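Protein chains in written order, with my numbering: chain A, 914 to 1005; chain B, 38 to 497.
Among the hints, erroneous ones may be present.
What the hints assert, rightly or not - With a straight-line cut-off of 30 Å between C-alpha atoms, the simulated DSS-like cross-links for lysine-lysine are: (1) B:K309 <-> B:K384; (2) B:K248 <-> B:K309; (3) B:K428 <-> A:K960; (4) B:K241 <-> B:K39; (5) B:K241 <-> B:K227; (6) B:K385 <-> B:K102; (7) B:K240 <-> B:K385; (8) B:K241 <-> A:K916; (9) B:K102 <-> A:K916; (10) B:K227 <-> B:K248; (11) A:K916 <-> B:K248; (12) B:K248 <-> B:K428; (13) B:K428 <-> B:K385; (14) B:K384 <-> B:K240; (15) B:K39 <-> A:K982.
To be verified - Listed below are several chain B residues computed to face chain A (Cβ distance under 7 Å; list not exhaustive): (16) H85; (17) E88; (18) L153; (19) G166; (20) T169; (21) L182; (22) E185; (23) G186; (24) T269; (25) A273; (26) P447; (27) P480.
As the list claims (entries may be wrong) - Which stretches of chain A does chain B cover? Using the computed rule of at least three CB atoms under 8 Å from a CB of chain B, they are: (28) 927-934; (29) 945-952; (30) 973-984.
No lab work stands behind these hints: they were computed from the structure. In this text the structure is predicted, and so the values were computed from the model without any measurement. Glycine included, C-beta positions come from ideal geometry on N, C-alpha and C.
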Amino acid sequence: MLKRTSNNNPVSFTFEGETIPAQSGDSVASAMLAHGTQALRVSTRRKAQRGPYCMMGACYECLVEIDGKTVQSCMTTATDGLQVSRVNHEDV
Amino acid sequence: MKTYDLAIIGAGPAGMTATTAACAQGASVCLLDEQQTPGGQIYRSLNHCDEQRGAILGEDYLYGKTLIDPLSTIDADQTFGATVWRIDENGHIYFSTHGQAHRIQARHIIIATGALERASPVPGWTLPGVMTVGAAQILIKSSGLITEGAVLAGTGPLLYTVAVQLISAGSPPTAIVDTQQPANYVTAAKYLPSALARAATLKKGLGYLAKIRSAGIPFYRAAGDLTIEGSTAAQALSFSHKGHTVRLQTDNVLLHQGVIPNTQLTRSLRLKHEWNRAQRCFHPQTSDWGISSQSNISIAGDGGGIGGAIAAQAEGHVAALGALQSLSLITTEQRDAGAQPHRQTLKKEAGLRRFLDALYPVPEEVMRPSDHTIICRCEDVTAGEIRSFVKAGCTGPNQTKAFGRCGMGPCQGRYCGTTVTEILAAENKLSHDAVGAYRVRAPIKPITLGELASLTGTGD
Ligand SMILES: Cc1cc2nc3c(=O)[nH]c(=O)nc-3n(C[C@H](O)[C@H](O)[C@H](O)COP(=O)(O)OP(=O)(O)OC[C@H]3O[C@@H](n4cnc5c(N)ncnc54)[C@H](O)[C@@H]3O)c2cc1C
Ligand code: FES
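Could you put the whole structure together from the sequences, leaning on the hints where they help?
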């Protein structure tokens, strides 16, 4: 569980159609974690749930799809109006 | 295409210091970093730090301002949000910002890309809710998000640092499960004299441990056999402790086993690397001036071997002077005189590091995980599968790719590479240097065809 130390500059984006609140400084991954969603993708081989592990752009466990592109959600700044969805793993 | 005397990749303590030092000598410098702001891992997001966050993260974090502030007064091109994905033999650097690719050229390049946390492959470490200790710290630094009710498992200075930061944030960890063994104190004792030059740092470390104790956090020493339980997310951490199995219910497990150099760029350049037995990791070979096996490439900071933030800062200075001398922008005398104070810092930090390396060695279960533990997270390859590849004749990391796609996922072996080398060395009874590491090819981060097209489209 995560708690916020401050409340400033709220923004929001959607994940699979659901509205996710975020703040300045948030990446898409940190906003998802703050929202309580840890599992962002399913692993290719065993189809197991996976979520952010390193938060620094190295492990690729936080992959999501934005504008048709697969991106690391921990390296993507949360901005107003982003439409984020789960990745289709056949493309990764 | 823009050209520079010196390009510096990574704006952590090493890269920031190298940039400032090189500008002071009149060189044309370009600084690139993937993060949105300077600071590197230790001083991440310090530019956006408010008073409350500063109080949580502490004085060692706030010290970073002394390195970050000068960047706004110097005449260097600085690009943030810039991911470097290729360096070629002619000193061209390819990087992307916002999905747009760029290319610059530099006569000399300093790679200061820092460290990654060592993987902690234990059963269940791939479950959502399991992150690294550093990841929880990134949530504090970047977003002011505090992990509540976490169990911290593993060992090393960063684990205690983050435990203290969580205490300061009013959300102490519910337990610390420490894999350090009593014997480690005995081994480390012989390095204590060399570490005493850094008595203040040692005292600070002891202060952290005292803070953890006085917060009343259950502290399980000499724990082993870590297993994270859960089917779709972490539910509990179980481990052996004093001959019993302990099970702690938690949905947040934070793992840590120290840090290792990030060698993606240096490997992609085919620079010579060697295995460091004390730190159990590969690092690029460098001269006293940080110059690698390729004369126009230098390495500074943790990316060249783990020395910590203070050493990284000193190495940044030394590497900048070494690079400028090799470009004939300063004389040998200027280089040597300029480096003198930083060499003294490096000597003291090295003494401390030898002590810390012995005090917090990598536990056996992390070097040689049990058969059912996943090693390659991207492709779901277990330790048992890697051992079965060995039985079928696999001797090198690159062959594990052909045998079972190990290391072929998007992380390009960042989190399985070291473990794969450990397992192959043990199974084949070979030295780590003989086993080697994954061959890394550019682009070191996946890029899209659109990005490549944007590069040719710029007309450079
Ligand atoms: C998650 C984490 C947290 C840490 N926290 C602490 C701490 O609180 N206290 C402490 O004493 N030590 C900490 N450390 C240890 C840390 O390695 C050193 O103390 C210090 O940050 C090393 O400095 P550096 O300049 O060598 O590299 P870093 O500070 O790691 O800086 C490297 C920089 O290179 C950039 N980079 C990497 N690859 C690329 C690329 N391909 N393209 C562009 N840019 C790139 C990164 O974004 C980063 O900003 C931490 C390490 C990690 C991994
Ligand atoms: S969480 Fe590791 S790359 Fe994003």
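Hints that the structure is at odds with (numbers, increasing): Structure breaks hints 2, 4, 12, 13, 17, 25, 27, 28.
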